[in-house]
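Protein sequence lines, in the order shown, are assigned to chains A and B. Everything in the first sequence is counted per our numbering, starting at 1 for the first residue and increasing by one. Everything in the second sequence is counted per our numbering, starting at 1001 for the first residue and increasing by one.
Because the hints were derived from the structure by calculation, they are not lab data. Each hint can be trusted.
Partner residues aside, some chain A positions facing chain B, computed with beta carbon under 10 Å: (1) His20; (2) Asp36; (3) Gly106; (4) Thr130; (5) Gly157; (6) Gln327.
Using N, Cα and C, we set each Cβ at its ideal position, and we do this for glycine too.
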Amino acid sequence: MTSNENGHPRTLFEKVWENHLVKPQTPDTPAVLYIDLHLVHEVTSPQAFTQLREQNLKVRRPDRTMATMDHSTPTTPKNSLGIIPVTDSMAAAQLDVMRKNCADFGIPLYDLGTENQGIVHVIGPEQGLTQPGMTIVCGDSHTSTHGAFGALAFGIGTSEVAHVLATQCLLQSRPKTMAVRVDGRLNQAVTAKDIILAIIAQIGVGGGTGYVFEYMGEAIRALSMEGRMTICNMSIEGGARAGMVAPDETTFQYVAGKPYAPKGAEWDRAVAGWRKLPTDDGATFDHEIVLDADKLTPMITYGTNPGMGMPINSYVPDPDKLSDVSQKVALDKALTYMGLQPGQKLVGQPVDVVFVGSCTNSRITDLREAARFIEGRKVASNVRMMVVPGSQQVKRQAEAEGLDKVFKEAGAEWREAGCSMCIAMNGDQLQPGQYAVSTSNRNFEGRQGKGGRTFLASPLTAVASAINGVVTDPREMTN
Amino acid sequence: MEPVRKFSGRLAPLPINDIDTDQIIPARYLKVTDKNGLGQACFSDWRYNADGSPKADFILNKPEYQGTSVLIGGHNFGCGSSREHAPWALMGAGFKAVISTYFADIFRNNSLKNGLLPVVVDEETHRQLISLAEEDPTTEVVVDLESQTVTLPDGRAVNFPVDAFSRYCLLNGVDQLGFLMGLDEQIEKYEAGNPARVQTVFS
Ligand code: SF4
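Please take these sequences and the hints and turn them into a complete structure.
Okay, here's the thing in structure tokens:
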């Protein structure tokens, strides 16, 4: 199975794609792809269930579907009854609709406050639902996260959510492939987040449009599964719907023993299959880019999309030096919104809020690194720092390790699990004009609250900035 | 679904690159469970002041651009979040087509499922349409899905690509789900030959 019947060497993407073809693409119709796992959340699914009801349709495979609540849920503490109160009536109504839909259609739900609830892209992997070689979709663009396991995983719209609910299939035109090779080794205090921010800064937010990325090379191999998830998560920020990493021992070790992972003889069979997934020697990609990890430094964004990023010690670019008019206009607009001057440094820029969380950087290793960095130090008096674990399980694990105490002693807030200030739907938000260093994935205008200004960076840069109260290069603060 | 065939409409120029779906419809409006009323919130943060009054200098608030139905965005329109609320909001605001040099994948897919036409044109035509729309708000174009052309005021017809399947569904006003529902046998066959990789419900 390394190559197809014709002996043609194949990429990881091609193998997973071809394994899931219910019907190949024709001149008249796109390919019909079978979906192994459909993840559902409260914000992008209600209208899909409505369509099912209107057309009197069932969910074809509730047993390949999993729902959670994460986007509009509060991250405030449980009350004396052990319940997380939802004070926003619209959010509460939306959550009730999710509960009813799951109950009516027989879909398992990780409800708010229950032990496995969390951000959809954190719980899939931690439950072992996410496995190599699978096709995974969710009405959420950061579904690309799951590609870290060698799955083909991508975000879909609500109409497509209805398609998958009703038929477990999706109509898809075949994307192109791009190899994203990261050679060499990362320097101290440079992380997976910095790799992906550097990639997006290089190709731009539209550079990956129409492609599926495969991340490869020594630096990717050396990463933990959490690091690989951070990278695949932000594939969409480069315009690619999916990013993949070939499964290896690191992957298998991570999946082994997870609740939904295969067990016993089934595990051995599964691993034997997964070992055949990596791209064959001689397989070709439609495009290839190469980065050198040794040359990377911590990265930070200065603008209003994730492509407007730079090494942390660089200077904010000058729109007048751009020859392309539309790029100049875009940069001008971004700097006006951000309240920044061309040619200024970001290091030393005062910050109001530091957010450690989101499906990019809220897993246990992210929190461990952040805690190690902040232990024995204090959050600057001008800064509100929020730490929002990605799931209830991450939260419990962190508490068992005492990380919550470390954060609280430093003066940070320790919250319940959810998307929180990554998307600012639940009341966790920036005030107009405030600056945040955020470990999330989007710095779009208003993303973290209307008028809020976001600098995207790694957890280490976020913590260093929280301690100093200004944007700080984490290399100046290593321990 | 209403068929989409041919229509003429005036242009609203919004020549900003990388317009993301958080701008088209900010996340705080996503706490709804239906598709209605989102037009009001379309481009909300660009369109309204903090007190809710319209920003006079925003293009869609200018009297001469009221009633426009074809939006011209900058390159890479619709990037970011997969929210289908973005095409719902644009349609709610009266748009039937968006013109750009290229679209983000998910936004393009979502739009085609709702009858909002993503019209890709070359950079030259794009520039020309923007200046026409900026100079003269009465500028009209004709968008014809059947012939896959957008016709400029000077009579020049420019082709745009649409995949054959989406085109068929839109021209005939049929939902794409119907096609998938018709494949039941093939899906069953696939399932029989490919055991579940995970099972979330145990019975
Ligand atoms: S954490 Fe942010 S990016 Fe991730 S799923 Fe939630 S809202 Fe989307």
